[in-house]
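K.L.:
Each chain is listed here by its residues.
Protein chains: 2
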Amino acid sequence: MPFSHPFDQFTDSEMRLTSKLLKDHYSSNLHFVQIDLVEPPKSDVLKYLKAKAANESILPSVPRVSFAYFYKDGLLYKALINLVEAHIITSVALPEGVVGPALPEDMMEIEEICLAHETVKKEVEKLQLPPGYEIRADPWIYGTDDPNEKRPLVQCYMYLKSQPHPESNHYSLPLFFSPVFELLTQKFVRMDYLPSGYDNKSLKTHPWKPVESCEYYPGLKKEKVERPLAPLIITQPEGPGFKIEGSKIYWQDWEFHVTPNVREGFAIHDVKFKNRSLFYRISLSEMVVPYSKIGDGPCHRKQAFDLGDCGFGTNANHLHLGCDCLGVIKYFDCIRTNKEGEPILLPNTVCLHEQDAGLLYKHVNYRTNAPVAARRREFVVQSIATVANYEYIVNYIFDQAGSINVQVRATGILSTTPIEENITVPYGTIVAPNCLAPFHQHLLSFRFDPRLDGDKNTVVYDDVVPLDPNDEVNNKYKVAFVTKTNYVEKAGHIDTNPYASRSVKIINENVINPITKKPVGYKIDMPAKQMILADKESYNVKRAKFATKQFWVTKYRDGELYAAGEFTNQSQTDTGIAKWANGKDDVRNEDCVIWCTLALTHIPRPEDFPVMPVDMLQFTILPVGFFERNPALDVPQSNNSFNKSVLVEDTGSNLKSCCKTSL
Amino acid sequence: MPFSHPFDQFTDSEMRLTSKLLKDHYSSNLHFVQIDLVEPPKSDVLKYLKAKAANESILPSVPRVSFAYFYKDGLLYKALINLVEAHIITSVALPEGVVGPALPEDMMEIEEICLAHETVKKEVEKLQLPPGYEIRADPWIYGTDDPNEKRPLVQCYMYLKSQPHPESNHYSLPLFFSPVFELLTQKFVRMDYLPSGYDNKSLKTHPWKPVESCEYYPGLKKEKVERPLAPLIITQPEGPGFKIEGSKIYWQDWEFHVTPNVREGFAIHDVKFKNRSLFYRISLSEMVVPYSKIGDGPCHRKQAFDLGDCGFGTNANHLHLGCDCLGVIKYFDCIRTNKEGEPILLPNTVCLHEQDAGLLYKHVNYRTNAPVAARRREFVVQSIATVANYEYIVNYIFDQAGSINVQVRATGILSTTPIEENITVPYGTIVAPNCLAPFHQHLLSFRFDPRLDGDKNTVVYDDVVPLDPNDEVNNKYKVAFVTKTNYVEKAGHIDTNPYASRSVKIINENVINPITKKPVGYKIDMPAKQMILADKESYNVKRAKFATKQFWVTKYRDGELYAAGEFTNQSQTDTGIAKWANGKDDVRNEDCVIWCTLALTHIPRPEDFPVMPVDMLQFTILPVGFFERNPALDVPQSNNSFNKSVLVEDTGSNLKSCCKTSL
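Protein sequence lines, in the order shown, are assigned to chains A and B. Going by my numbering, the first sequence opens with residue 248, and the numbers climb by one from there. Going by my numbering, the second sequence opens with residue 248, and the numbers climb by one from there.
Hints listed in this document are in silico derivations from the structure and should not be mistaken for laboratory results. Some clues are possibly wrong.
A pair holds if it fits inside one copy or across any two, identical chains being indistinguishable in the list.
[Said to hold, decoys possible] Simulated pairs of lysine to any residue, SDA-like, Cα-Cα distance not exceeding 25 Å:
no.: 1; residue 1: 521; residue 2: 764
no.: 2; residue 1: 289; residue 2: 761
no.: 3; residue 1: 731; residue 2: 745
no.: 4; residue 1: 796; residue 2: 712
no.: 5; residue 1: 468; residue 2: 883
no.: 6; residue 1: 891; residue 2: 623
no.: 7; residue 1: 468; residue 2: 889
no.: 8; residue 1: 796; residue 2: 864
no.: 9; residue 1: 325; residue 2: 382
no.: 10; residue 1: 731; residue 2: 783
no.: 11; residue 1: 765; residue 2: 438
no.: 12; residue 1: 408; residue 2: 611
no.: 13; residue 1: 703; residue 2: 291
no.: 14; residue 1: 891; residue 2: 483
no.: 15; residue 1: 471; residue 2: 611
no.: 16; residue 1: 270; residue 2: 320
no.: 17; residue 1: 796; residue 2: 709
no.: 18; residue 1: 891; residue 2: 602
no.: 19; residue 1: 294; residue 2: 322
no.: 20; residue 1: 319; residue 2: 813
no.: 21; residue 1: 471; residue 2: 623
no.: 22; residue 1: 456; residue 2: 761
no.: 23; residue 1: 723; residue 2: 396
The following block holds chain A by itself, in its conformation from the complex (with noise of 0.2 Å):
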């Protein structure tokens, strides 16, 4: 592959030059956060793609463009550098107060400053902690609550650990005081004290009265004794059933290229199915996770961009071969800037893989007892993501038929809090003892840029609505139901209706289904949901309006790519879907963007510690009328001699009597 393709991903070579170029600029040093590459212009894509398409011999060029956000002197600086050019094009001071994504190590070294630091001792030592027993502080975003703040903060939150082991876990056993410390400078800025209870009064810190942590890790946990679980072993003799070239994969009539990046984890171009344009990009956009907190104390603060402030790809998990998924694996890996613009290798972030699923169809003609059926294998593209105690597996799983699910299975250990002995409080749950873990949400942004059958598309949604009863001619028997379409016309936000079935489909007005004689289009089965709780006046609905819908549209701009903006980390306010569903751009047949917000209102259980079994959010994006019959009618009828599934040994039938050999 001599040439490079405009979704191939950014190199370490690429990465080395945007770092040197602004080194070399400002002849100083720089402390980078975060450096990757620009989404190249739409229009020049679609341009290179249709000449790729056409298979001319010279192709036309796209832009490739990095940015690097790094300090200097205390403030943010965004640069965009020509790749191709080797020139900078623009590196310029953000205003104060705004504050860049967080590098790892920024946020590690805060946890070193922080154990160190003498008020943080002092507090410690009123502890009177029993020998063995550790301090540990998790550096949390700072969230925002003062408009007058511009210093980028870091808030801690301290635990204890009480096993001399690694792996013991802190989460258990919260402590109530909470320092806060200056990011860049690394100064001590102020002790926070979290409350007792229900009500305001914080807690003077006071000695430990020692309860028992629940812990995760084998050999810590209290289950010395493992269950068996029989193997059950996936394997696919003849290799994958996909096909990859550079960042592009084949697998079942799909065709799409997976470009891991830092921020988003990875982002999905150019979809198509059966020759078919389905979408230009679809990622996930944002997400935020907003918490619960009567009365005072810090943890109002706790409201994370996991994608602006951390970024999914600089906390992707390292993938492992038979523990993070099973059968034949494709890895993809990612690389994120270090302090110095260096690149790291972050290996094995995004995996590929094909699982059974069940059935995909059956019939059987109860006249012959002749069945059809075949099975519904699936494509996943997964990454996982930790950002500090959550755990987050995102899965894009594609059918053979044309649809896509959108799974995020939520894991990890609650972010917890300290309660007193013998009080419960309705904001959260007692899930260890003196063990609280607030009740929060996660709101995550999937954005959908379309390209159903070409560049205009309408977003609409169907309400299916009873006739009216008392119509004696056409609804005689009072059972007439029908749906109405809606066209969205501006850009703005559709509210979801589950009592109406409400389904909100991408339709080409374009192209006509010769079948159904109405325009193509996809639907987004996305169940209903509550959306943030926080007052529309919080913090929490100011930086993240896209929390407040299900489904957003937007007219399609280049650099529109996070639906609460580009810089997050303490924003002040949203500045992406907020700005861009303004309610004047014209979106129907138009070149759109549907944003949805895949939600969960989490109050935890104590099963869901010390560490959570999968809390499973997933929405479907599947064709309605954009084919003229089932898609996949082409998928080979399943059978045993292709399977290989074995009866369990006999130990006699469930039925106890001759019926078998006598009827």
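Model the placement of chain B on the given structure of chain A, informed by the hints.
P.N.:
Below, chain B without anything else, positioned relative to chain A:
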């Protein structure tokens, strides 16, 4: 196993005894339609289970009683038989107008009678069919539109089969006439006509204008070339991880009985996890499928009760290795009666197997990069019923952390009606030339008889609500939200409310979780859905009140098993939940039952034709403060020496440069 268990299923000899006693008693030909075991009295079974758990050598006897529905002299009879003492307990004629469930042979005979009938033949002649075409009749459950109709009737929907092959898809070529017959006498009653489109005018039968049929069967379908599919083999080299003793299943800390029956397919009894009682009985209790219809024509009567009218065991598929499920499989059989009261073996109607389902939980300590990860193994109890054109795949999926996912996959073939060329209608989708799939609903009632840590349980629902944003003391930052619990005191219903994250729970108020300090419970995580769209004055609703709400709570009484009542075929009213959810019975801290309506408003897609990719409906019932911590901590950690996954043979990194080696 010399001793029978009260949950052991009905046997062929018990069926023979039942029919013999009745035939002897009446000394005449009886027309049997259903014979099966009566659910034993719960109080007797509980005594038995208690004695068995205590390893008592003499176990209390539990009555073993069968029932038979049969026609005699045009009336439906119900008899009860004491199977131990071999005598008839009771046998009575039911009031005129009570219709029994349909026996498959009875329905299939009507097709023969229909096609041979002179009036039908005359109608067919008017079609002036080209050579090679054949007529098919799908006999349908008649529904209800006349309070004075007492005869058991069958309505036939008529189709053309265009290919000289038994699997040619007649549903693609529906016809405009619909003859009605008496079920028992097989007499012709009347010819109905379907409307041509939106208006009320039904057409005189006219010469057939040939259109292409849309075929699904290999060899007949247009898709002559199948897409390649790489083998994906699931093996369990050490055998299955479950153990079966009679009807009892042991898997991963779960214990329960699976008992096939003709009406529900199967029931699950005495469900325990980690030695704690969860449910006395779980089953699908009823399903109703009402169709939309504007104007005249007979289709308003398409309202099948697929359990009460037909039977999910009676119509269960013979499941096959490597087709309906993969891995190491155990099957259970079912038996049903024929007209003569002789047992017919229905082999392999329930399959039991394990599957991998991705990650169960994961956490990576970012300080050490040490992961804990367990994969989610599931145990599936599956049955598939073919009800004429449609298939329903019913899965109960048990996980390792105490949850049960109830999943229904709708597949098979849409029920179609004819539509004139160049017409579209607002109550259906054109899915093939001149072939309309009317909008319809599937409403399934799952019955849970809970026994969480004891016989007396309570149903509650918790709402998540914001705290007053103007409460400056408790909610200064306007981010607080809390849960509010509501108790169901009297038999009745619960509305869903996704915007309050309303969660319906079963709790035991007598058992307090020592960690949460609240009653132990299980939550039913059910998506909010549109309920039945027909008007409350329609027969559709009068006959299926269960379909109007997503949750119902009733007091336990023996015999109250089926949501729409015992006799649903041509019923005039709902004799089930409509009676039992009476607003009077105390259900708080009582032996109560919860009924969950799972619903799909199905707006057909052309992609659903000629055979439908599965549409998945599901809900999950999971522990909420039932355990003190994650009950799956004893699941072994995942690793590749156990799972034996492999890397795709390396075709080069996605990172094109020297990144991997030089960092």
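K.L.:
At most 25 Å between alpha carbons: which applies to residue 471 and residue 623, within, between, both or neither?
P.N.:
between (38 Å within a copy, 20 Å between copies)
K.L.:
State whether the alpha carbon distance between residue 294 and residue 322 is at most 25 Å within one copy, between copies, both, or neither.
P.N.:
neither (38 Å within a copy, 75 Å between copies)
K.L.:
How would you classify residue 471 and residue 611 at a CA-CA limit of 25 Å: within, between, both, or neither?
P.N.:
between (49 Å within a copy, 21 Å between copies)
K.L.:
Go through the copies and call it for residue 723 and residue 396: within, between, both or neither, with a Cα cutoff of 25 Å.
P.N.:
Intra 67 Å, inter 18 Å, cutoff 25 Å: inter-copy only.
K.L.:
Indicate which option fits the pair residue 325, residue 382 if close means a Cα-Cα distance not exceeding 25 Å: within, between, both or neither.
P.N.:
neither (37 Å within a copy, 73 Å between copies)
K.L.:
Under a CA distance limit of 25 Å, which applies to residue 891 and residue 623: within one copy, between copies, both, or neither?
P.N.:
both (16 Å within a copy, 23 Å between copies)
K.L.:
Evaluate residue 270 and residue 320 at a C-alpha cut-off of 25 Å and name the case that applies: within, between, both or neither.
P.N.:
Within. Shortest intra-copy distance 14 Å satisfies the 25 Å Cα cut-off; inter-copy 99 Å does not.
K.L.:
Between residue 468 and residue 889, at a C-alpha cutoff of 25 Å, which is it: within one copy, between copies, both, or neither?
P.N.:
Intra 43 Å, inter 22 Å, cutoff 25 Å: inter-copy only.
K.L.:
Checking an output row: residue 289 and residue 761, CA cutoff 25 Å. Within, between, both or neither?
P.N.:
neither (30 Å within a copy, 58 Å between copies)
K.L.:
Is it within, between, both or neither when you check residue 765 against residue 438 at 25 Å Cα-Cα?
P.N.:
neither (63 Å within a copy, 34 Å between copies)
K.L.:
Have a look at residue 456 and residue 761 and pick one of within, between, both or neither, based on CA distance no larger than 25 Å.
P.N.:
So residue 456 and residue 761 pass the 25 Å test across copies only (18 Å; inside, 74 Å).
K.L.:
Is it within a copy, between copies, both, or neither that the alpha carbon of residue 703 lies no farther than 25 Å from that of residue 291?
P.N.:
within (16 Å within a copy, 68 Å between copies)
Figure legend: structure checked against the earlier numbered hints; hints not met, in rising order: 2, 9, 11, 19.
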